[in-house]
Amino acid sequence: MWRYFPLLPTSKTVLLNSCSPQEVYTIMNDTVISTEQLTRTFGAFTAVDHISFDVKKGEIFGFLGANGAGKTTALRMLTGLLQPSSGKVAVAGIDVARYPEKVKSRIGYMSQKFSLYPDLTIRENIRLYGGIYGLTRSDIRSKTEALLDQLELREQADQVVGDLPLGWKQKLAFSVALIHEPEVVFLDEPTSGVDPLTRRQFWDLIYAAAHRGTTLMVTTHYMEEAEYCNRVSIMVDGKIKALDTPRRMKDTLHAENMDEVFRKLARE
Amino acid sequence: MRCSENWPGNEKDLNGRTAHITAYFTAHFTAHHTAHKMNRFAAFIKKEFRHILRDRRTLLILFGMPVVQVLLFGFVLTNEIKDAAIAVLDPSHDAQSIALTNKMVSSGYFKIEQYLNTPAELEQAFKEGSIKLALVFPNDFGHSLAHNNKASLQIIGDASDPNTATTLINYAQAIIGDYQATYNRASIPISIGAETHMRYNPEQKAVFNFVPGVMTLILMLVSAMMTSITLAREKELGTMEVLLVSPLQPIQIILGKTTPYLVLSFLNAVLVVILGIFIFGMPMRGSLLLLGAECFLYMFVSLALGIFISTRTKDQMSAMFFSALGLMMPTMLLSGFIFPRESMPWILQKIGMAIPATWFNPIIKGIMIKGVGLETLGVQTAVLGGMAIFFIAISLRSFKDRLE
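First to last, the protein sequences are chains G and W. Positions 1 to 268 (our numbering) are the ones given, in order, by the first sequence. Positions 269 to 672 (our numbering) are the ones given, in order, by the second sequence.
Bound conformation, chain G alone:
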């Protein structure tokens, strides 16, 4: 069962001290994403300022913050695109700063632009990403069929993706990001521009993936979506201002909803 750790202010020591030795062991074993004093500077500007957090296997971790708060920079360091200036970052048991190439086959990524090619058909898009992630032909074939059934897109399988409604594209992009069964999936504002109903359906898929043990890190600026996450971190000016379950965060700050939490934290 889950245990959430109040992490205000965040620091690894606090985290470890707050649980029994047995629990520490479990956490260490289950930790899929771990950062320690992770920092990135661009000249005199510190984009990410000593952030530390751990994400456990199967957790849905919300990564919130205003534009320019450092979310994207942090995400780029987590995915191996950007070298940290200092600090440690491990994803799926791999030191990302040292082996950025190694981590890539273990993670999935979906950007807000859906990362599909509009001029290729659904089938071709699935095949392409299967190929890029080094799946076998037979795996690609069986996964394509399974995906088409699951997403109920069989009739559209040979249509170009550009003609699909936004919501379908988004669900397809998510499924494609999972095609190589990554341990961690990073979703960068996956639901922006999508209507609430479709957004809700999309979260069904996210829950299903988490249920299978995939760890998901989601950035979003829809505050009601933050409530769907198991835990949420809120970044302000490169620092993690708060990190907790949405419920506790609301309790601590006496806020009605996450929107209020966010506004209260940003005002400080």
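Derived by calculation from the structure, the hints in this document are not laboratory data. Do not rely on the hints blindly, as some may be mistaken.
[What the hints assert, rightly or not] No more than 20 angstroms apart at the CA atoms, straight line, and that leaves these computed lysine to aspartate or glutamate pairs for DMTMM-like:
| # | chain 1 | residue 1 | chain 2 | residue 2 |
| --- | --- | --- | --- | --- |
| 1 | W | K314 | G | D158 |
| 2 | W | K668 | G | D49 |
| 3 | G | K239 | G | D49 |
Keeping the supplied structure of chain G fixed, place chain W upon it in accordance with the hints.
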């Protein structure tokens, strides 16, 4: 169900779905990876070819453009003048002057607009612009040739259009020289006017200049412009991010994006050469193999420039704009393709030297028309090679920098 805490209501639906999807994943996503793995790179290249073949506009640019350009430059925009209107003032009107006039007409370059009777009419004809050139024979043209073995005549051009005038006067002089030569063989030597001689391209066929020119332009267009656009497109779509996060190496991404264009560029070069040879009668005196190799060298330079532009631009539009302005225009205007480099101001000549086409153009001409090999084209080849290394290095560096 741990999600129930955060998921407001609708639990049944969620659970039902979860169960269904879980079953599907156990069935399909745990299959053993036994069969041979599909090559990542191959999958990626295949996709790039799909983009190209599926987009009619791209295809049109790729294969319509070279054909249209060669035909356009070859037939329409040629600086070769045919059937130019001329006037003849021939008071002598003897066998010699008539024979020479006929030779001028039969060359195909001139047609006689009018026969003049007085110099005043000549003035009038030029003012009206009805003629481009006038031939003025003296009173005793034939007589003088027969008795003094020499004669002179005037060729008057309309220099309000200096390029045409110069060209026409050159044509006329060449024809007179030719006439003189045939006449000499028949009898005692005579001399008329000046002698001109054009090497390699005695008929001064403009195509000999345009085919190599179009080749430099097309290869630059396909290799540089299309590459910069296709890379910018990935950025615009957001797929570049996904590719970079994928196990594909950055170098594989670049090679995967550029290889199809390299292949297509080469096909284009072949197409232009075939058109030049079979439609316009270009010679192919040198080594085809060398020509192919030099084409590849030039294409590498262009590709590198395309990659460089794409790293500095955000979307397809600006990539297109910068390649058109920064690459196509200079290639067309400063490389000596349309305007002779010799007549350019010093500064433009120097700028022209930084343009790959300036070095590639003489290579094509040298191989095709003069039939020379590396021994004479060493400098140009070395410069292109240097440019290739330099631009590949900075474009890869720029690509890496932009990732950071």
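Checked against the structure, which of the hints given earlier come out wrong? Hint 2 alone not satisfied by this model.
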